[in-house]
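Visitor: Between the sequences and the hints, there should be enough to build the whole structure, so can you do that?
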Amino acid sequence: MTAPLTAPVLSMTGVRRAFGPEQALDGVDLTLEPGEIHALVGLNGAGKTTLMRIALGMLRADAGSVRLDVGAGPVNPLGAPPATWRRVGHLIETPFAYPELTVRETVRCAALLHGLARPAAGPAADRVLAELALDHWADRRTQTLSLGNRQRVGLACAVVHEPRLMVLDEPSNALDPAGVVRVRRWLADAVARGAAALVSSHHLDEMARLADRITVLHRGRVVGTLDPQSADLERQFFAMVYAEEAA
Amino acid sequence: MRPTLEVEGLKLVRSPAAQVSGAVLALVIPLAAAGMMWAARSGGDSPMALKVRPMIIGTGWAAYLGMLGELMSVAALLAIGVVLSWVVGREFTDRTVGSLLALPTPPWQTVVAKVAVTTVWALACGALSMLVALPLGLALGLGVPGIETVGSAAKLATILLLMTFLAMPLAWVSTRLRGYLSGISTLIGLIVVTQLVTIAGAGAWFPYAAPSMWAGMGGPEAAAVVTPLQLSLAIPVGLLGTWAAARRWQRSELV
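Read top to bottom, the protein sequences are chains A and B.
Under the numbering used here, the first residue of the first sequence carries the number 1, and numbering increases by one thereafter.
Under the numbering used here, the first residue of the second sequence carries the number 1001, and numbering increases by one thereafter.
These are calculated hints, taken from the structure and not from any lab test.
There could be a bad hint or two in this list.
Claimed, not checked - Covered, in the sense of this in silico footprint (three residues per stretch, anywhere, with C-beta under 8 Å from a C-beta of chain A), are these stretches of chain B:
| id | region |
| --- | --- |
| 1 | 1085-1098 |
| 2 | 1119-1126 |
| 3 | 1192-1200 |
Claimed, not checked - Simulated restraints, written as ranges between beta carbons of each label pair:
| id | chain 1 | residue 1 | chain 2 | residue 2 | range |
| --- | --- | --- | --- | --- | --- |
| 4 | B | E1221 | A | L78 | 52 to 62 Å |
| 5 | A | D205 | B | L1128 | 50 to 60 Å |
| 6 | A | A188 | B | L1239 | 46 to 56 Å |
| 7 | A | F19 | B | L1239 | 53 to 63 Å |
| 8 | A | Y242 | B | D1094 | 34 to 44 Å |
| 9 | B | V1193 | A | D205 | 51 to 61 Å |
| 10 | A | G73 | B | L1177 | 51 to 61 Å |
| 11 | A | V181 | B | V1074 | 52 to 62 Å |
Backbone N, C-alpha and C fix where the C-beta goes; we use that ideal spot for every residue, glycine too.
Guide: Here it is in structure tokens:
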């Protein structure tokens, strides 16, 4: 068993990133605590995916600092050691789903790539397929799946190794209502076991049911936070967005 | 790197691109070599027989396997180049490259694993082509193959390995231009340039032409003057291409 985490799993301070003349992130501060689901909400192009890619070292920040601490020591995601990445899972935009592989093979491959040993990879894949109700499709090639089921396969691949940090970009995208509920319950269980999740969405209702904290991102800036338990999140959200537009 | 090799190997053997290209190398090329040998040996002055006879160097099994090597030298770069371009470029075309980042295996090892499994696949196709060619040679009436068959098989393997090295820069092209069609387009350009350089008479010093000349595509006189140094130029081309691809996977923003 690994020791429970106490320090923030993810800390981002003053993160800036531009793509040409477009300022995608403009001084973002964000933390993710152990055992927490932290939701990022914003309109399309708000900077959610860029922020997640910087957190995972896929993109570089122009300025600011990023630290991951998943129990292997605090590190910058750029050049983080294998021990850190073994404890991180991610689903950013496109699921890890290759049309020529079956669902079981796909998830087993993800388990291997995330550092599970060969004897453990198969059982881990079968376990997560059952938990996400994908076992019915386990021996089908992923090219035959619906968009929603491919998304669930991508989620299974992201979490098959039971990571301590999950970075999930719109995980309920394309899921039917039953799939949304199943993923929500699964995430809540995983976080109860000690993991932390940074989740993005533009569906406020879903985030209200899922998240412990909601940060609103607009035009690359954090423009406020929402209490998931509060009433009329949509009105609060747009009030923050319009206030930022007017500023 | 071992898990990455296993995963990339599974993706490769399951892929239609590798299956079709593998069938061309392992089945179509030996069948074509046997057909051309049959045409040349059957006598007569059919257009096919007249065209094929000048391509045959030696007699018996040496001539037949030499023909196999000639055809393989033409098909191998095309087949291996298409497969390697696809293996690397598909991750950008299908936007799956992000799933291969933020993993315990560093990105440079992922693309090196792709090159490695493609190399093993190419050599396996060569071995299968020999297995297909042997019964076809017996059916042609060439008799029991002698010790010279081992030399011919080694030459075939060398041609395939050299062609694999020559395909490796396409891993960099498919990365740099973010898709497999860019790699395949570059491959077509390389084949055109190779033809032009060969026509101009500088073929043996051009890495992409030397293996085909050595295989006998330019006739026995041209094959005899190709030196080991000229053939070995394929190796730095391949290593440089793989290094450039690995460097780009490790240092660049791939998403």
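Visitor: Could you tell me whether the CB distance from F19 of chain A to L1239 of chain B stays inside 53 to 63 Å?
Guide: violated, 34 Å
Visitor: Does the Cβ-Cβ separation between E1221 of chain B and L78 of chain A fall within 52 to 62 Å?
Guide: Because 57 Å falls inside the window, the suggested range holds.
Visitor: Go ahead and decide if the range 52 to 62 Å is satisfied by the Cβ distance of V181 of chain A to V1074 of chain B.
Guide: holds, 58 Å
Visitor: Could you tell me whether the CB distance from D205 of chain A to L1128 of chain B stays inside 50 to 60 Å?
Guide: holds, 57 Å
Visitor: Note whether the CB distance of G73 of chain A and L1177 of chain B lies within 51 to 61 Å or breaks it.
Guide: At roughly 38 Å between Cβ atoms, L1177 of chain B and G73 of chain A fall outside 51 to 61 Å, so the hint is violated.
Visitor: Per the coverage rule (Cβ-Cβ under 8 Å, at least three residues), is the region 1192-1200 of chain B covered by chain A?
Guide: This one is violated; 0 residues, fewer than the three required, reach chain A with a Cβ under 8 Å.
Visitor: 34 to 44 Å was suggested as the range; check whether the CB atoms of Y242 of chain A and D1094 of chain B agree with it.
Guide: holds, 38 Å
Visitor: Has the region 1085-1098 of chain B got at least three residues whose CB is nearer than 8 Å to a CB belonging to chain A?
Guide: holds (count 4)
Visitor: Kindly confirm whether 51 to 61 Å is satisfied by the beta carbon distance between V1193 of chain B and D205 of chain A.
Guide: holds, 59 Å
Visitor: Confirm or reject the coverage of the region 1119-1126 of chain B by chain A under the rule of 3 or more residues with a beta carbon closer than 8 Å to the chain's beta carbons.
Guide: Result for this restraint: violated, n = 0.
Visitor: Measuring from beta carbon to beta carbon, are A188 of chain A and L1239 of chain B in 46 to 56 Å?
Guide: With Cβ atoms ~51 Å apart, the hint holds.
Against the hints set out earlier in the document, violations occur for numbers 2, 3, 7, 10.
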